[in-house]
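Each chain is listed here by its residues.
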Amino acid sequence: DAGITQSPRYKITETGRQVTLMCHQTWSHSYMFWYRQDLGHGLRLIYYSAAADITDKGEVPDGYVVSRSKTENFPLTLESATRSQTSVYFCATRQSMNTEAFFGQGTRLTVV
Amino acid sequence: DQQVKQNSPSLSVQEGRISILNCDYTNSMFDYFLWYKKYPAEGPTFLISISSIKDKNEDGRFTVFLNKSAKHLSLHIVPSQPGDSAVYFCAASASSFNKFYFGSGTKLNVKP
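First to last, the protein sequences are chains A and B.
Residue numbers for the first sequence follow the numbering used here, so the first one is 1 and each next one is one higher.
Residue numbers for the second sequence follow the numbering used here, so the first one is 1 and each next one is one higher.
Since the hints were derived computationally from the structure, they do not count as laboratory data.
Note that the structure is predicted; figures quoted are calculated from it, not measured.
Heads up, some of the hints might be wrong.
To be verified - If you anchor each label on the Cβ, the simulated ranges turn out as follows:
1. B:Asn67 to A:Ser67: 37 to 47 Å
2. B:Arg17 to A:Glu14: 40 to 50 Å
3. B:His72 to A:Gln95: 22 to 32 Å
4. A:Val65 to B:Lys111: 37 to 47 Å
5. B:Glu42 to A:Ser80: 28 to 38 Å
6. A:Asp62 to B:Ile20: 34 to 44 Å
7. A:His41 to B:Arg17: 25 to 35 Å
We put the beta carbon where it would ideally sit given N, CA and C, even for glycine.
Model the full assembly from the supplied sequences, consistent with the hints where possible.
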């Protein structure tokens, strides 16, 4: 009952491979978000979801795909990983747009 | 086009003194603002928030001020403690759209 969990914590993959980062929440929050953190850029929104089966693009969606068939899961897939996608990825959940968001511990992805 | 900006990448303060972290935003639709604290290798953790109907919110040593006309908010930490040393992110969201934007962060160093 960790609330929000991301897996894996660390991942090394090769250029061109497909890789999926998992995010699971136990709160049944409606909103879920994926961010990437890069030096000098802070947290940039990749994709978000307002509810199951509703997803939309954020600031930097290119090269990523998401799905949300169940409220509790929001996987992020890199269809063909590139070195520029080396980053730390954070998933977050939020009950409404007027409450705080809760973040997972992050996944450090390295693309070689 | 960065909608939330933190123009100071770093700030150094003596223990016991006040830390003031600043944040500017460009979208007048934003109506809810948050501050997060982040330690290395951890996810961001929620610190304090403020709704656009208020101009000040206080929680212990932390106070957030909102100046809507200037599209500016600030976080005051009094007194600063060495354990406050972390990266601080401001964030903004709007109830009329589901995106949730972060600034680039300010690294606070509180010297003993």
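We went through each hint and held it up to the structure:
| no. | hint | result |
| --- | --- | --- |
| 1 | B:Asn67 to A:Ser67: 37 to 47 Å | holds, 40 Å |
| 2 | B:Arg17 to A:Glu14: 40 to 50 Å | holds, 49 Å |
| 3 | B:His72 to A:Gln95: 22 to 32 Å | holds, 27 Å |
| 4 | A:Val65 to B:Lys111: 37 to 47 Å | holds, 45 Å |
| 5 | B:Glu42 to A:Ser80: 28 to 38 Å | holds, 30 Å |
| 6 | A:Asp62 to B:Ile20: 34 to 44 Å | holds, 37 Å |
| 7 | A:His41 to B:Arg17: 25 to 35 Å | holds, 29 Å |
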